[in-house]
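The primary structure of each chain is shown beneath.
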Amino acid sequence: MSAQMTAEQLFAMLKKFQEPKGNFFNKDMTMTMPLLESLLANKERYGYMACPCRLPNGTFEEDKDIVCPCVYREADMEEYGACFCGLYVTAEVNERDDTAIVVPERRPPEKILGQD
Amino acid sequence: MAKSCNVTLYALSTCIHCKKAKQFLEDNGVPFTVVFVDQLTGDERKETIARIKEHNPKLSFPTIIIDEGTCVIVGFHKEEIEEALDI
Chain H
-9 MSAQMTAEQL
1 FAMLKKFQEP
11 KGNFFNKDMT
21 MTMPLLESLL
31 ANKERYGYMA
41 CPCRLPNGTF
51 EEDKDIVCPC
61 VYREADMEEY
71 GACFCGLYVT
81 AEVNERDDTA
91 IVVPERRPPE
101 KILGQD
Chain C
7 MAKSCNVTLY
17 ALSTCIHCKK
27 AKQFLEDNGV
37 PFTVVFVDQL
47 TGDERKETIA
57 RIKEHNPKLS
67 FPTIIIDEGT
77 CVIVGFHKEE
87 IEEALDI
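Taken in sequence, the protein lines are chains H and C. Just so you know, we're using the working numbering here: the first sequence kicks off at -9 and counts up by one. Just so you know, we're using the working numbering here: the second sequence kicks off at 7 and counts up by one.
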């Protein structure tokens, strides 16, 4: 098993790809770093980076829509300026003092199967 | 002092909003029960999910249920929590 990547390494790696596309990490590091750690924890637990703020079904096939970056990110960033978990925000949101935004859940509930 | 209510925080162990909501309740001395749904399995998980869905069909987190559902707060809305609990 390759050594577990650290949240800092993940941050550096993703930042290069995501920022040019307008997806900025939340400047509030009390949000961004724990979320990156949770993505690594979900990768360890489920085998894929399920969104830290959603209840995974437990298989990649059933969770494809919430593997980070989730399929709902684009619409959420357009409407609210942030993705559901708050990891990614727009440049405009990152200029605000407070970057905390509560984004309503866009994922259809029927996608959550509820078995363990 | 927060008014006394029966408060349950349904959360995910990996969710930062849930962590902040939990911290907020603790910082304000609110007695509450936290349930990390992602750590439940089997019937307990199914029953808990069904209970949450009664109050929050979207099954999103955090879901804060006050007094068996007389008040339900979906998402970490600080002002709503302050108002509901007189903080």
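Quick caveat, the hints were computed from the structure, so don't treat them as lab data. Here a beta-carbon is modelled for each residue, glycine too, at the ideal position from N, C-alpha and C. Be aware that a few hints might be false.
[As the list claims (entries may be wrong)] Have a look at the derived ranges for each label pair, beta carbon to beta carbon: (1) C/78 <-> H/10: 29 to 35 Å; (2) H/-2 <-> C/19: 17 to 23 Å; (3) C/85 <-> H/80: 29 to 35 Å; (4) H/20 <-> C/56: 29 to 35 Å.
Enumerate the violated hints, using their earlier numbering and listing them in ascending order.
-> 1 and 3
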